[in-house]
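Take a look at the letters that make up each chain.
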Amino acid sequence: GEDVEQSLFLSVREGDSSVINCTYTDSSSTYLYWYKQEPGAGLQLLTYIFSNMDMKQDQRLTVLLNKKDKHLSLRIADTQTGDSAIYFCAVRSSGSARQLTFGSGTQLTVLP
Amino acid sequence: NAGVTQTPKFQVLKTGQSMTLQCAQDMNHNSMYWYRQDPGMGLRLIYYSASEGTTDKGEVPNGYNVSRLNKREFSLRLESAAPSQTSVYFCASSEVQGIAGGYTFGSGTRLTVV
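Taken in sequence, the protein lines are chains A and B. The first sequence runs 1 to 112 under the working numbering. The second sequence runs 1 to 114 under the working numbering.
The shape of chain B in the complex, shown without the other chains (with noise of 0.2 Å):
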């Protein structure tokens, strides 16, 4: 049972290229979360997705875009990278009737935007 898995691992972008960071879940879950991690600020969040073709903004939802393609699987997209989008991103899932709706997350992607 795979749990969260995020591809890629590593990243290295210039400035002004795109990419698309992948994400699936095999545990059924309905809510999915795109998070980016800085030092000193904790966890904050870009995106979610509380089911299967629902979307909404986050705290910091500037220059990403997502897409929730089917009930497993939420993408995160920079169109045009930015060294201040040096971070690192966790996606999670979670399911309300689960562990009191806590979240299980992957093991991130660390990106650098050069």
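Okay, chain A solo, but in the shape it has when bound (with noise of 0.2 Å):
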């Protein structure tokens, strides 16, 4: 089955740019999503890219998808301290239909 890597931990400084990396393992992904998760609450979707793109721009978020490695990677611009949250990785493969697979998840810290 599908297999989604993250780091765990990334630390910033207010107003740097964050980098958010994951990697998967099924070349037949279609869809590649990337949530946000507050503490306590549950997931909340970020953006996300089809396979067919190499990079989706939002606001502060850009999405660069390299399809050859199977990288995916988010890049928030201006870090804020309510940035702060753990960011999920997760891939939707063309055989599994609705399922997503997840990363593990990469808790920012954004310092002051």
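Worth flagging that the hints you see were computed from the coordinates, not collected in a lab. Don't take every hint at face value.
Subject to a maximum C-alpha distance of 27 Å in a straight line, what follows is the list of computed DSS-like cross-link-like pairs (lysine-lysine) [as the list claims (entries may be wrong)]: (1) A:Lys67 to A:Lys56; (2) A:Lys70 to A:Lys36; (3) A:Lys67 to A:Lys36; (4) B:Lys14 to A:Lys36; (5) A:Lys68 to A:Lys36; (6) A:Lys36 to B:Lys57.
If you only want the chain A side, here are some residues facing chain B, beta carbon under 10 Å, derived [as the list claims (entries may be wrong)]: (7) Gly40; (8) Lys68; (9) Leu111.
Derived DEER-like restraints, expressed as beta-carbon distance ranges [said to hold, decoys possible]: (10) A:Leu45 to B:Met41: 18 to 26 Å; (11) A:Glu38 to B:Met27: 17 to 25 Å; (12) B:Val12 to A:Gly15: 19 to 27 Å; (13) B:Asn65 to A:Leu111: 41 to 49 Å; (14) B:Met27 to A:Gly15: 47 to 55 Å.
Even glycine gets a Cβ: it sits at the ideal position worked out from N, Cα and C.
Using the hints, put the two standalone chains together into the complex.
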């Protein structure tokens, strides 16, 4: 089955850019997602990218997809303390209909 | 518009007790899911229901049962709780024709088994 991996922790200074990375194994992945989880809350969909795209930008968020290396990244520009949260990468494969496979999540800490 | 509602938010059980976690969605989604979240392990799929009337096992189904009561509701039952089931449980729903099939999550149930 699909395997999705992320590093567990990332710390950045307020105002800097954050880059959260994710790797996956299934080359037939169709949609790839980034979710944000704030303390004590459920996961909230931040953005997604379709597999035929290389990049997607949405305000401060930039998603980059390298299909050859099966690598997905989320860049947050001008990171704020309110961006402190756990960020999950999730992947949907063509053979699994509606099921998503999630990474372990990256805890982003924004330092003042 | 409430989205996905889970009850209860917190629960403490003794080993061997049973309980049912409730989940309801008001978005007319066909598919619903139960995940558990453990530190450093991300979200693991317990059971899912692709449509009303169907349920299937996910990655970690042992010790759990589910019921898709109707299109709105999908419950998760622990028949005999064990300390290994201490976790945060999330219900989610999705519609393929929605945001590229992305999920909408409930706020979670924090379960402690002592």
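Worksheet item: Measuring from beta carbon to beta carbon, are Asn65 (chain B) and Leu111 (chain A) in 41 to 49 Å?
Response: Between Asn65 (chain B) and Leu111 (chain A), where Cβ atoms are some 45 Å apart, the hint holds.
Item to complete: With a cut-off of 10 Å on the beta carbons, see whether Lys68 (chain A) makes it to chain B.
Response: violated, 22 Å
Fill in: Satisfaction of the Gly40 (chain A) interface hint, Cβ to chain B closer than 10 Å
Result: holds, 8 Å to nearest chain B Cβ.
Item to complete: Can you let me know if the beta-carbon spacing of Leu45 (chain A) and Met41 (chain B) is within 18 to 26 Å?
Response: holds, 21 Å
Worksheet item: Is it true that the CA of Lys67 (chain A) sits at most 27 Å from the CA of Lys56 (chain A)?
Response: holds, 14 Å
Worksheet entry | CB-CB spacing for Gly15 (chain A) and Met27 (chain B) relative to the 47 to 55 Å hint | Between Met27 (chain B) and Gly15 (chain A), where Cβ atoms are some 37 Å apart, the hint is violated.
Worksheet item: Using the C-beta atoms of Glu38 (chain A) and Met27 (chain B), is the stated range 17 to 25 Å upheld?
Response: For Glu38 (chain A) and Met27 (chain B) the Cβ distance comes to about 21 Å; the hint holds.
Worksheet item: Given the hinted pair Lys14 (chain B) and Lys36 (chain A), is their alpha-carbon gap at most 27 Å?
Response: The hint is violated at about 32 Å.
Fill in: Range agreement (Cβ of Gly15 (chain A) with Cβ of Val12 (chain B), hint 19 to 27 Å)
violated, 42 Å
Worksheet item: Does Lys36 (chain A) lie within 27 Å of Lys68 (chain A) when you go C-alpha to C-alpha?
Response: holds, 26 Å
Discussion item. With the threshold set at 27 Å, check whether the alpha-carbon distance from Lys36 (chain A) to Lys57 (chain B) stays at or below it.
Written reply: holds, 26 Å
Fill in: Hint consistency between Lys70 (chain A) and Lys36 (chain A) [alpha-carbon to alpha-carbon, up to 27 Å]
At roughly 21 Å apart (the allowed maximum being 27 Å), Lys36 (chain A) and Lys70 (chain A) satisfy the hint.
When the structure is compared with the earlier hints, violations turn up for hints 4, 8, 9, 12, 14 and for no others.
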